[in-house]
Each structure stands twice: as C-alpha cells, then as structure tokens.
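**Student:** Position chains B and C against the provided structure of chain A, taking the given hints into account.
Chains as they are written, first to last, in the working numbering: chain A, 1 to 178; chain B, 179 to 729; chain C, 730 to 1154.
Hints should not be assumed to be uniformly reliable.
Said to hold, decoys possible - Simulated pairs of lysine to aspartate or glutamate, EDC-like, Cα-Cα distance not exceeding 16 Å:
1. C:Lys930 <-> A:Glu101
2. B:Lys610 <-> B:Asp569
3. A:Lys141 <-> B:Asp408
4. A:Lys88 <-> C:Asp964
Please keep in mind that the hints were generated in silico from the structure rather than gathered at the bench.
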Amino acid sequence: MIKIWSMKKNEDAAAKKKPKTSAAQIRVQKDLTELDLPSTMKTNFPDPADLLNFTLTITPDEGMYKGGAFNFSFSINTNYPHDPPKVKCTQTIYHPNVDLEGNVCLNILREDWKPVLNLNSVMVGLQYLFLEPNPDDPLNKDAALEMTRSRDQFLNNVRATMRGGYFKSVQYDNVLAR
Amino acid sequence: MSSGSQAQPVEDATTALESVPDQKTRRYDRQLRLWASSGQAALESSHILVLNSSSTSTSILKNLVLPGIGAFTILDRTTTSPSDAGNNFFLEGLDSVGKPRAEEAVRLLLELNDGVKGNSIVEKDIQEVLASEGEKGTEWIKSFSLIIAHNLEKIALDRLADVLWADFESPPLFIVRSAGFLAEVSIQFHEHAIIESHIESSPSLRIDKPFPKLLQHSLSLDFDGMDVTDHGHIPYVYILVRVLEDWKKSHDGKPPKTTAEKKEFKEIISKMRKKADEENFEEAEAQAYRCWTETVVPSDVKSIFTPLSTPSPSHTKPFRILLRALEVYTTTVPPYTLPLSATLPDMKASTSQYVDLQTLYKERAVEERDAFRAVLDKVLQEQGENPSLIDDETVTNFVKHSHILRLLRGKKWGWLEESPDTLATLVQTSPKQLAIHLALSALASLQTKHALATAQSKSTKEQETEFQPKLEDLITEAKSLLPTGVEFEDDTDFENAIGEAARSPTADLPNTAALLGGIVAQEVIKMTTKQYVPIDGICTIDLVETWTGLL
Amino acid sequence: MASAPSTDWPGRYYHIDQVLEKPGPRTDPAFLAGDGVKDFLRNQAKILVIGAGGLGCEILANLALTGFKDIHVIDMDTIDISNLNRQFLFRPKDVGRPKATVAAEFIMKRVPGVTVTPYFGKIQDKDEDYYLQFNLVICGLDSIEARRWMNATLVNMVDPENPESLKPMIDGGTEGFKGQARVILPTFTSCYECSLDMLNKPTAFPICTIANTPRLPEHCIEWASVLEWPRVHGDKKMDTDDPEHISWLYKVASARAREFNIEGVTWSLTQGVVKNIIPAIASTNAIIAAACCNEAFKIATSSAAFLNNYFMLIGTEGVYSYTFEHEKRHDCPVCGGEALDLTVSPDSTVENLIDILIERQDIQIKKPSLSTPTKQLYFQAPPQLEEATRPNLEKKLSEFVPANGEITVTSTSLPFSLSLRILYS
Chain A
1 MIKIWSMKKN
11 EDAAAKKKPK
21 TSAAQIRVQK
31 DLTELDLPST
41 MKTNFPDPAD
51 LLNFTLTITP
61 DEGMYKGGAF
71 NFSFSINTNY
81 PHDPPKVKCT
91 QTIYHPNVDL
101 EGNVCLNILR
111 EDWKPVLNLN
121 SVMVGLQYLF
131 LEPNPDDPLN
141 KDAALEMTRS
151 RDQFLNNVRA
161 TMRGGYFKSV
171 QYDNVLAR
Chain B
179 MSSGSQAQPV
189 EDATTALESV
199 PDQKTRRYDR
209 QLRLWASSGQ
219 AALESSHILV
229 LNSSSTSTSI
239 LKNLVLPGIG
249 AFTILDRTTT
259 SPSDAGNNFF
269 LEGLDSVGKP
279 RAEEAVRLLL
289 ELNDGVKGNS
299 IVEKDIQEVL
309 ASEGEKGTEW
319 IKSFSLIIAH
329 NLEKIALDRL
339 ADVLWADFES
349 PPLFIVRSAG
359 FLAEVSIQFH
369 EHAIIESHIE
379 SSPSLRIDKP
389 FPKLLQHSLS
399 LDFDGMDVTD
409 HGHIPYVYIL
419 VRVLEDWKKS
429 HDGKPPKTTA
439 EKKEFKEIIS
449 KMRKKADEEN
459 FEEAEAQAYR
469 CWTETVVPSD
479 VKSIFTPLST
489 PSPSHTKPFR
499 ILLRALEVYT
509 TTVPPYTLPL
519 SATLPDMKAS
529 TSQYVDLQTL
539 YKERAVEERD
549 AFRAVLDKVL
559 QEQGENPSLI
569 DDETVTNFVK
579 HSHILRLLRG
589 KKWGWLEESP
599 DTLATLVQTS
609 PKQLAIHLAL
619 SALASLQTKH
629 ALATAQSKST
639 KEQETEFQPK
649 LEDLITEAKS
659 LLPTGVEFED
669 DTDFENAIGE
679 AARSPTADLP
689 NTAALLGGIV
699 AQEVIKMTTK
709 QYVPIDGICT
719 IDLVETWTGL
729 L
Chain C
730 MASAPSTDWP
740 GRYYHIDQVL
750 EKPGPRTDPA
760 FLAGDGVKDF
770 LRNQAKILVI
780 GAGGLGCEIL
790 ANLALTGFKD
800 IHVIDMDTID
810 ISNLNRQFLF
820 RPKDVGRPKA
830 TVAAEFIMKR
840 VPGVTVTPYF
850 GKIQDKDEDY
860 YLQFNLVICG
870 LDSIEARRWM
880 NATLVNMVDP
890 ENPESLKPMI
900 DGGTEGFKGQ
910 ARVILPTFTS
920 CYECSLDMLN
930 KPTAFPICTI
940 ANTPRLPEHC
950 IEWASVLEWP
960 RVHGDKKMDT
970 DDPEHISWLY
980 KVASARAREF
990 NIEGVTWSLT
1000 QGVVKNIIPA
1010 IASTNAIIAA
1020 ACCNEAFKIA
1030 TSSAAFLNNY
1040 FMLIGTEGVY
1050 SYTFEHEKRH
1060 DCPVCGGEAL
1070 DLTVSPDSTV
1080 ENLIDILIER
1090 QDIQIKKPSL
1100 STPTKQLYFQ
1110 APPQLEEATR
1120 PNLEKKLSEF
1130 VPANGEITVT
1140 STSLPFSLSL
1150 RILYS
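Bound-form chain A, shown alone:
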C-alpha cells in the first residue's frame, strides 16, 4: 500500500478527527439556529429531538391574508441540502399559488432550489406568497381567475374561506388566528 500518512506529514488539517454527525444534520442545525424570522413566523417541533420534521406557522400582519394562521409541514431528508426540503400546506386554503391538496408553487422549492439556499430563504418565500399572491402562474386556477377578474370579490372569497366551511362545493379549513 502507498504510505499516505508519510506523503504529506506537514498537512496538519489531516490530523483532525472529524465528528460523526452527518453533513445534513450539521447543515440543518446551522440553518435552524441561524433562522432570522419576523414575529409573523413561528416554527414548531412536535418532537424537539427531531430536527428534520417540523411545522411553520405564518400569521400575516398585512395584506389580504391578514388574520389567518397558515401551517406548513417541513420534511427534510438525509440528502439535504442537495435535495430541497419538502413543504406542504397542511390546511385546505383558498390561494392562487397553493392547491387544495396543499401543494405550493414556489420556485425555490423545486426548479430553482440550490444547496446555497437555506430554510430561512424558503420561509421568507412562503410568507411572500401571502403578501403578494401571484395569479399569473396559479396552482388554484379558480382563485387566480377570480383575483384577476375582481380583486374585491377575490378578497371576499379569501375572507369567507378563511373562516372555514363550504365555498363553491369545497370545504375549507378555519384558519383564523386565535
């Protein structure tokens, strides 16, 4: 065998024993402990020992969705940050960029994800969807059409659906902040 050790005796960086914590784990620790969230966003860990599965609650303090509390589930796999976190809205809500199954249309969650992005960027991106819903590239086409057609009617629909109950034969969750 080649004698690697004697190859570069002066390479001191090599003489450091590395920790057993996985790269994904360290990266999630780094992302979470460096989160810089406004008061409108709050994370919740059902099991504080499990950093890979948690929820985010967004309570917009302005815009059309003001007064609501919107929950998203985050699920991070061991291939993070090569793979993006999987994010879904856990409530049925009326939003042009969130469909009734909870899929979210946010570029950095799919086609534009890169490992230099972090959990903070994703959360800020999600909040932006509630401040500036985008009807041009919708996931919920009906909501988007309504928003383009009449902003007032759309706002009424948002308000109505946020209280929960049936609207146009879809049952929405009550998402009003308590």
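**Tutor:** Same frame as chain A, but now just chains B and C:
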C-alpha cells in the same frame, strides 16, 4: 430530456396507447435512450472481425456482444497458455489451457447475449490469410463490417492496412496497441458521414430572418391591450421578432450593432413589462443576442461542402448528394440559411401560445423541407441518379440535423510516420501523447525484428526466447521514427513513455485491457450506428497519470 | 489466508508481474518490487466494492484478474431485465436475485482462488469496525446519497493516531457516453462532499407550469406523477418499478397531453421521467471501472503514480478527457472546517463551554449552537428549541459528552462548523 417531437399527428401519437414494452426493448432500454431503434438495428446487422482473442480483444467484444451486435468472428490460432488463462475473463482458468483460445473465448462471450452469433477460426491467422489466400482472402476480410486488430504484428498490420486502404469500399480498421500502462487507439477509414451526431447545439430560431407567418403573428399582437396574465405568457420568440422589427424601422433596417445599441435594445424589452417579474420578458432579454447574431450556415457544416467529383465510398454517396443539395439550397433559396428546424425549445408561455408557435414552426419546417426535397431531386437528376435513392424519411432526418452534420475524412494507418512536418509540430505541441505513440511503435518494430530472429534460430532448434527489448534499443528505435533534427525539448515525457514500454513490453494488463475494451467498443458503436462522433486521429492513453490525448 | 493459494499456477500473473517486478520511470522510490508486493496484493489486501451493478460487475472482474483475492461487495438491489445490456455477470435466469450474491458466485466460479464475500443490504447497515477491515474502498454507485454517506463515513473514520484508519476511496460514475473516476484520500484530498456543486441536477419543472401551462410531454408526465397520483391514490406509494403504476401514469399523462394538443408522451418517456433513468452502456462502465481498478491496483502496490485526483471522460465527440486536481473545500461540511481538541474541567457546565468558545482569543465564536452526534446541547434559535435546550446550560458537560467525545458547533461567524473533541482535565 427533449421533447423528441417528430412531426406526427397528435391523434396517432396518443390515441393508440402502447402497452408495457416487450422483453427485448426492456433489456436494451438504457441504450435505446442513446441511439434509438435505428442505431440498434445498425448494430444488429453488423458482423465484426477480431484478429485475436487477447484480454483486450475479448474485453472489446464483451462490450459489443452485450449491446447486441449481429455477429462476430475471431481469427486466432493461439492455444491458450497459462498466462492467457490468468488475465482473460473469457477463459476458464486452467481448464482452458491447451485448448484453442478463440474457441474458448467465443463460447464464453456468447453466454452474454443469445441474440448474438459468434464463431472462431483457429486453423489460421491473418498473416496466412493475407499471404496465401490472395484475392479470395482479401475479399473475405472486406466482407466484414469492421475489423479490430489488437497488438497485431507490424508487417501483417501494415499489409492489412495497405490492402484495405487500396479500396474505398473497405470496412474500417481499428488499430489498438498496448503495453503495460500505455495504449493507443486509431481507426483507418476513408470517409464517415454522420447525420445524428448528437452534438449539443440548438438550431437557429431565425428570429433575425422571420418567415412570413411568424412575422405577421408577431406584428399582430396587441401588447398594450392584453391583460397581465396573457402579457406574461407571450413566448419570447414573438417579443423578439416584434421588437427587432420596430428597431429596424428606425435604424435603416439594421439590427443593433454596437454595445450601446444592444443595451438600448434590451432596455426596450425591459420597459415593455407590465410587472416586475415577467419571466417571458426576462427570457426575451436573455435571448436578445439572437437578434444580432445573424443566422448563417454554421462554419462546421459549410466546411464539409465538397464537390461531388472527389472520390468517395458508396456508403457516403447519399450523404454527399444530400450535402450538395444543401449547398445549393443555402445559396439559392432565400433567406440562404439551413432549412428551418421544427424543434422549439421550451419557453415561458401558456399552453395554447406555445402549441400555436410550435405549429407555426412545424408547418414552415415542412414547407422548407419540401423545398429542399425539390432541390435534392434536381441534384439527383443532374447526377443521373434515381430520386428513390434517398427516401423522404432520410430527407426529414437530414434536414432536422442539418446544423450538426459531420463528414470525417480518415487517414491511412501510418500517416503520422509519413508526415515529418506534423511530427515536428507534435513534438512541440503534444510531447506526452507523441511519446506514447513512439514508444508503442518502437516496441512493434523491435518485436518484429525479434520474431524474425527467433524464426531463423528456430531452424537451428533453439528455444523460443521471450521478447525483452533493452531500454537503449527502444530509445534508438523510437528516435529513428522522428525526422532528422526533430527532438523533444524536454526528454522527460519521452523517457517516461519509453521507460514504461521497456518495463512491460508484452503486458496485456487486465485494467488496461478493460479500459481499451470500453474505449474501442464506444468507437465501434459510433462508427456502426453512424451516431455520435468517432475519434479523428490517434487516441493515446497513459494509465499512470490517467489521461487520454489525441494526435 | 495464511499461505499462497495453490491456484496460482506458473505463468498466471505473467502480465501483471511485469509491472510488479520492476519500477517504471514514474514509480515512487518506496516501491518494493518483487515478492513482497505480490504477497501483499494476493495474500493480504482486502478490498471493498460498493455496488454490484453496471460499474460493480466490471470492478469485481478487474480486481479478480489483477490478483486481489479477498474482495467484499455490498449491494441492496436485485437483478432487473434492464440490467442485462451491461451487467455482464448476470443472465436472464438470475432476474429477481440479489446482485451481490450472483456477482460473487460468478467471479468465484470464473476466477479460481478468489474469494468474493457478498452482502445483500445497505451500506448503512455496517459500522466503522466493518469498514476498518479493508485497505481500500471502490464505489460504483448510482446514488448521490449513498456516495455522500460512504464518503462521510470514511472521512470521519480517520484517526490521527492510527494511520490504518485512513481508507482511500475510489469513486466512479457514468451517464451515457460520459463518466468520471476519482481518488479520494479522506482528509488529504478533496472529498465527495467538496464537489457536490459540480453535479448536474435533474431537470425539475415549476409546479404551476405542470398544473396550468403544460407545453412539453414531460410536463404532462409530471402532472400525472406529482399531482394526480397523490390526489387519486392518497397515501399509496408510487412504485416506479411496478409496470402497472407506470402504465397508469402513462395513461393519465397521455390523456392530459391529448387535452392540450401536446405530442410525444410515450411509455418509455414516462418511465424515463418518473424513474429519472440515466442511459447506461457496457462500454462506458468498462472505461470508468477500469480506471477505478487501475488506481486501486497502483495504490495497493505503489507500482506507479496514481491519479491526482479527478478523471473526466466524454465519449460523445471523439474521446475527450480531462484530468485535474479537484481542490479541497475549506468550508466543506464533511472534510473542511475546523477541528479542535479542548480540555475542560470535569465540573464544567455546558454554559462554561460556551463562554470558553466566545472568549478564547483563537476561537471567538459569536452565539454558538452545540450538539453531540445524538443530542442537542444548546440551540440559540428557534425560540422553542432554545427553550427546550436552555436547562442544559446548567448541567455538567460530562452528562452528555464522554471523554474524547465530540461536539458540533455552528455559528454565523463560522464558514460552516467547528468540531470539538472534549478532553477532561
């Protein structure tokens, strides 16, 4: 991933649903994604001749039997030796020792794929075929679709190369040489035409020279009157055609030229946005260069336009005629460009906008293909050829790939040794690569001398001696291959190669053999399918530092 | 294996011995030509192959022929018919059987005297003690995740006190006519994680495009698999190896394509998109596997210089290759960053440690967050985790960390992370 959209009616494409693919398609799935059924059919109709069953030769064959060539023949009179049994995966250890090597190899290779036929000829070798079978032998050799020679003895190799080169219709000859960690691969052929080169280059959208319907549609769009959603889904092609047309009106009919003008042009696009984040307008800005990059015939394609009078093999004749027609087309039919491609890249657009644009391109592409066909028919007529020589499917395929066509002209084996100027240049520009070639050439020469000497001494019943050239002899032999006065500036590269050759002159190392097996098989596949681009020159390989280089 | 096996018939290694009996011009002077190196290669060296697929089959055959006698192989897959165009140790009758087992059987049958020990399972099933028994590891994998795990494990195993803990990792990968091979000397050269940003990501399409403005056949297929499958089948998991499932996706995607006048949805494309199929051929695998095994052979025998450290091959236009030294990344989460031995009093609390980290001149970390491989010690944020870990501040460090135990520190003031080894005074 590509849309791979052939011009076929939607109904045909989607009403008759395919079921789960058959066994053969499933077996070949991972390769059909590279060369499609046309490439597979070409492989399956090939019959390859291999001139021995060394570890390298069987490694090559393994990688050809697996993807399903039609047939192969091994010509080798060697009896399996203990050393053969030690380094060849297609021999069964001591059980194979003493048996004809080629028979053993064929039997074990055929286990890999029952769709392939293989046979061995063990009572003679290529030397005998060339020496004693005359015209009949030569014709037999030429009946194969290609020939592979690994470490073939120099006199026989030169003779074989001569015989094949003398006839334009000869199959390609693959010359593979190796010793220890060093190797090289080259192909002798007259001409090789490639339509589907798979070169990564997209055809022009001809935004700078829009066809009438494209121009008309772009001009008819009422950008201001559109709502935000529609405005955000106009394909960038329309935006660019429109902005360029407006620009030309105020600039003597000329596109932006200077950096300042180009910047101004992009600002015009930017200002057209109704919202800050309209992706289609961002795309239009990013693609704006298409407006001032004139659509012309790509130089790589122009460079292969050749007079039909130059001699060529019959298998490239249809390609040459197509190429001639393309030259005529691009010089006589406005706008003097390649026929339009129906392939449209994906872009931000609504479904209907995109599908409509795609239809515009497809319809126009069909019109231009038909115009090309008319030119082609005229060329065929001039050449006294029947129009049925080239079918419509070939024409469509040719037009579709007209921006990435390739025509390779090969060289005769030994071309480098016969070109002192090239050697003088290479000694400067590619010393490492040249050193490997010289080392392998020197080994081949000395080995032949050794064999002749052994043959003479054999008559006096002496034992056969192993070929173990001295370092000094190799150096002298290698240097004698260079023209007088031409020397390596720094001898290190030369000494490195010669030193390795002297260390392991007859070693067919399993790893080197396996690597050559892969490289040669890739080249065989490329030559046989006429897809992708084979090497054009001598590929030299150093497995000490692990690199390849071309001479 | 105590003595040379009798299967080594005279002349068996005629070819290999030419490079083992003499040095070449670029051979390290430390190379001991002759019997010593042959004995090491044939009777002592133990090598691990990860993956018994396209690369793995080739790697096993090459290693066996070059004279490695004690080979282990791990693979968690079973044989599929689409493997047979390149995985040459398998036959149609083997479909459904474990790759590792079949490959091992075949090599042992074909190359006398070689022992191949298969393990049908995951690399994650094995611990450090297992990996420590090998001299070298060769990876022929198609999964990024498995490579990252193997790489991190080998980097983490390096113990400065024990040279034997450093296991060279040779990694190969292919796609169509292209491929790469590299040598990783954990902690000495750049590691797999260092080069993660060189990888091409598979194309992902915007979900709104898939939902509303499909243009390509791929958009229709993604609609079927990403949106329609979960909507229709709920929690039932999609199995991309199940032809029934592919057929369903294909039907749904075709209907969608028809609705939008999009051409080009085929069974094969559907399968390709949902399985993210990468084209693969025997010849490219042969090239890359040979390059990997050649490096393993040179490293094990010192018979010639070895690759430093990355070889890239593109066979689509001629034979183009590029050999270069990929640089180690100092902020690499696996092999980069800082590592530090820290001696503290056995009575120190977690808070004391944090104070040391903040105050020590050579460290000076702002707002550090700390964890052991199994537990969070103290997190600065988010609030819930800060609150949950706050009680730990007063507790003794020794409750969480044994002597020589490790702590991972992250902070905004660090490029990535710092690992501490705790010693008690």
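**Student:** It remains to establish, for every hint, whether it holds in the given structure.
**Tutor:** Hint-by-hint comparison with the structure:
1. The suggested pairing of C:Lys930 with A:Glu101 is violated, with an alpha-carbon distance near 26 Å, which exceeds 16 Å.
2. A threshold of 16 Å between alpha carbons decides the hint, and for B:Lys610 with B:Asp569 the separation of about 47 Å lies outside it, so the pair is violated.
3. Taken as a hint, the A:Lys141 and B:Asp408 pair is honoured in the structure, with Cα atoms around 14 Å apart against an allowance of 16 Å.
4. Pair hint A:Lys88 plus C:Asp964 holds up; C-alpha atoms about 14 Å apart against a cutoff of 16 Å.
Against the hints set out earlier in the document, violations occur for numbers 1 and 2.
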